[in-house]
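Protein sequence lines correspond, in order, to chains A and B. Mapping of the first sequence onto the numbering used here: position 79 corresponds to residue 530, and the numbering continues sequentially without gaps. Mapping of the second sequence onto the numbering used here: position 178 corresponds to residue 185, and the numbering continues sequentially without gaps.
Derived from the structure by calculation, the hints contain no laboratory data. Backbone N, C-alpha and C fix where the C-beta goes; we use that ideal spot for every residue, glycine too. A hint or two may mislead.
Said to hold, decoys possible - If you want a taste of the chain A side facing chain B, the calculated C-beta under 10 Å gives, among others:
1. V458
2. N465
3. R466
4. R489
5. E518
6. W534
7. P537
8. F547
To be verified - Here are the simulated lysine-lysine pairs, DSS-like style, with alpha carbons at most 25 Å apart:
9. B:K262 / A:K457
10. B:K63 / B:K262
11. B:K239 / A:K546
12. B:K177 / A:K529
What the hints assert, rightly or not - Chain B regions said to be covered by chain A (calculated; three or more residues, Cβ under 8 Å):
13. 36 to 48
14. 111 to 121
15. 164 to 174
16. 189 to 196
17. 248 to 259
18. 285 to 293
Spelled out from the first residue to the last, the chains are:
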Amino acid sequence: MSIMVKVEEKLYQNRYIVDESRPHIQIKSAEACQSCERQACTFCCPAACYSKNETGGVTLVTDGCLECGTCRVVCQDKGNIAWDYPRGGYGISYKFG
Amino acid sequence: MVEKFDAIVIGAGPSGNAATYTLAKQGLKVLQLERGEYPGAKNVQGGIMYSHELEKIIPDFRDDCPTERHIIEQRVWLLGDDSYVGTNYRSEAFNSDKPNRYTIIRANIDKWWGEQIRKVGGLQICETTVTELIRDPSGKVIGVRTDREGGEIHADVVIMADGVNALLAKRSGLQVEAAPENVALAVKEILFIDPELIQQRFGIKEDEGVVIEIMGKVTKGMVGTAFLYTNKESLTIGIGCLISDFKNGDCPPYKMLEDLKNHPVIKPLIEGAEMKEYAAHMIPEGGYKAVPQLYGDGWMVVGDAAHFNNAAHREGSNLAMASGRMAAETVIELKAAGKGYSASNLAAYKKKLDDSFIMKDLKKYRELPGIMHGNKQFFGAYPDEITAAAHNWFTVDSIDKKSKEKQIMKSFIKRRSVMGLVGDAIKLVRAVR
Numbered sequence: 452m453s454i455m456v457k458v459e460e461k462l463y464q465n466r467y468i469v470d471e472s473r474p475h476i477q478i479k480s481a482e483a484c485q486s487c488e489r490q491a492c493t494f495c496c497p498a499a500c501y502s503k504n505e506t507g508g509v510t511l512v513t514d515g516c517l518e519c520g521t522c523r524v525v526c527q528d529k530g531n532i533a534w535d536y537p538r539g540g541y542g543i544s545y546k547f548g
Numbered sequence: 008m009v010e011k012f013d014a015i016v017i018g019a020g021p022s023g024n025a026a027t028y029t030l031a032k033q034g035l036k037v038l039q040l041e042r043g044e045y046p047g048a049k050n051v052q053g054g055i056m057y058s059h060e061l062e063k064i065i066p067d068f069r070d071d072c073p074t075e076r077h078i079i080e081q082r083v084w085l086l087g088d089d090s091y092v093g094t095n096y097r098s099e100a101f102n103s104d105k106p107n108r109y110t111i112i113r114a115n116i117d118k119w120w121g122e123q124i125r126k127v128g129g130l131q132i133c134e135t136t137v138t139e140l141i142r143d144p145s146g147k148v149i150g151v152r153t154d155r156e157g158g159e160i161h162a163d164v165v166i167m168a169d170g171v172n173a174l175l176a177k178r179s180g181l182q183v184e185a186a187p188e189n190v191a192l193a194v195k196e197i198l199f200i201d202p203e204l205i206q207q208r209f210g211i212k213e214d215e216g217v218v219i220e221i222m223g224k225v226t227k228g229m230v231g232t233a234f235l236y237t238n239k240e241s242l243t244i245g246i247g248c249l250i251s252d253f254k255n256g257d258c259p260p261y262k263m264l265e266d267l268k269n270h271p272v273i274k275p276l277i278e279g280a281e282m283k284e285y286a287a288h289m290i291p292e293g294g295y296k297a298v299p300q301l302y303g304d305g306w307m308v309v310g311d312a313a314h315f316n317n318a319a320h321r322e323g324s325n326l327a328m329a330s331g332r333m334a335a336e337t338v339i340e341l342k343a344a345g346k347g348y349s350a351s352n353l354a355a356y357k358k359k360l361d362d363s364f365i366m367k368d369l370k371k372y373r374e375l376p377g378i379m380h381g382n383k384q385f386f387g388a389y390p391d392e393i394t395a396a397a398h399n400w401f402t403v404d405s406i407d408k409k410s411k412e413k414q415i416m417k418s419f420i421k422r423r424s425v426m427g428l429v430g431d432a433i434k435l436v437r438a439v440r
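Assemble the whole structure, with the sequences as input and the hints as a guide.
So this is what it looks like as structure tokens:
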């Protein structure tokens with residue numbers, strides 16, 4: 452039995468203070484993603500911030516980011532992710548943690 | 008003028024809180040910087056909090072610390088596809104005046120810590136991200152730069168308690184990126200539910216708690232574990248696996264969590280509960296061999312940022328609090344002796360760690376991470392075989408018991424071979440001896 456999961460519904464419960472147009476994580480080179488065979492970020496990110504796009508590359512939307520760091524760890528061999536913390540006070544704000 | 012403190016602590020998690028409180032209580036001028044909106048805003052824990060280490064720092068914490076339930080029963084379950092084999096330990100002795108373990112909601116505890124720190128004169132500032140360490144020409148750390156305007160602050164010593172990402176140490180060349188097989192990713196949800204239902208379903212009274220640690224098919228053969236904890240008015244359920252396994256697999260973590268929630272033996276326990284938050288966090292799993300340099304001229308690193316986690320015993324926050332306290336005590340002792348915070352003086356921190364349960368336990372289990380990582384059968388084949396064996400054994404079907412024993416043995420041998428079974432037994436002993 453396969454269960455469909457909508458991660459958006461999970462993220463919807465969370466509190467975020469979004470830093471408009473200042474993403475704290477960036478893909479360094481779109482080409483490097485296109486030549487990446489597995490694109491592990493697209494299935495390892497717990498918030499599904501990374502998705503495969505029509506150019507064969509990866510699109511990153513950081514709005515739902517949980518700031519875990521997994522993408523940075525999975526991409527370290529390619530080093531194609533520039534990962535920083537959001538500015539103080541911004542980003543995920545766990546009510547319970 | 009740049010403001011100057013005796014010590015700066017970066018991060019308001021268990022290790023940073025322990026360090027800040029300990030320093031402030033001894034009258035040191037200490038500044039704690041936290042990037043979250045409030046203390047706890049960036050923290051995630053299962054969570055179970057152990058009393059002993061907290062008691063060493065705040066002996067009467069039970070007076071007002073907002074814990075959830077004290078744990079009177081520990082279950083360990085091995086899940087098959089539609090079954091579990093498990094052990095439970097429950098005792099009335101856990102209903103003492105001073106319980107040893109509590110379930111907690113991390114953010115509540117961190118807000119409480121913030122109040123305790125203020126009470127003893129520590130200064131905690133939130134919404135401030137530290138961007139880099141400031142060093143003098145000799146390389147000694149003399150302060151931090153933050154993302155606030157004019158955000159340069161100086162201190163005699165800096166304690167990095169910035170958590171598993173340890174971005175600051177990495178950026179400063181004091182640590183390298185963690186290997187994917189040395190960190191796990193865990194995801195969890197908090198599910199709110201009528202406390203009466205929690206008490207009925209788990210057979211407990213008000214304030215009493217049950218925790219279930221889970222291994223087996225739910226991690227889809229990956230090295231990982233899951234858990235279900237009872238809070239006062241909520242349940243927390245989570246699952247985590249090594250990032251190297253997530254990377255080599257193709258199952259997103261939220262899918263794994265959803266499958267856990269829908270497992271036939273889990274589902275009835277959480278039925279009707281309302282999900283209020285979904286969280287993700289990395290956990291240091293590399294153990295002793297993954298511990299980085301812990302101190303240098305003007306700096307120390309504590310807690311998850313120092314890779315202190317005893318995965319085998321699920322003690323993370325415990326090691327965090329203990330290491331934060333030890334770093335603070337090192338500072339207090341050096342100050343009292345009129346000594347500075349050079350690397351050679353701060354080596355006293357490492358000595359404290361080595362002499363304590365932190366390094367002793369990590370050392371004891373130093374082979375465990377490698378053995379688990381290299382032997383996926385403990386997370387795939389064995390849960391299968393053990394639950395199948397239990398099913399066979401407990402099914403009454405007029406097959407004589409000797410034949411049943413043979414069937415079970417044959418099945419194990421078919422899966423792992425005799426030498427494989429012997430080898431696995433040796434590996435397990437090596438991993439935990």
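A quick look at each hint next to the structure:
1. V458: Since chain B brings a Cβ to about 5 Å from V458 of chain A, closer than 10 Å, the hint holds.
2. N465: holds (6 Å)
3. R466: With Cβ-Cβ at 8 Å, under 10 Å, it holds.
4. R489: holds (8 Å)
5. E518: holds (7 Å)
6. W534: At about 8 Å, which falls below the 10 Å cut-off, the nearest Cβ of chain B leaves the hint on W534 of chain A intact, so it holds.
7. P537: Given a least distance of 7 Å, the restraint on P537 of chain A holds.
8. F547: Cβ of F547 of chain A sits 5 Å from chain B, so the hint holds.
9. B:K262 / A:K457: holds (9 Å)
10. B:K63 / B:K262: Status violated; Cα separation ~40 Å.
11. B:K239 / A:K546: It holds: about 16 Å lies between the C-alpha atoms, which stays within 25 Å.
12. B:K177 / A:K529: holds (17 Å)
13. 36 to 48: holds (count 6)
14. 111 to 121: holds (count 5)
15. 164 to 174: holds (count 3)
16. 189 to 196: holds (count 4)
17. 248 to 259: Coverage by chain A holds for the segment 248 to 259 of chain B (7 residues, Cβ < 8 Å).
18. 285 to 293: Since three or more residues must qualify, the claim that chain A covers the segment 285 to 293 of chain B holds, with 5 doing so at under 8 Å.
Against the hints set out earlier in the document, a violation occurs for number 10 only.
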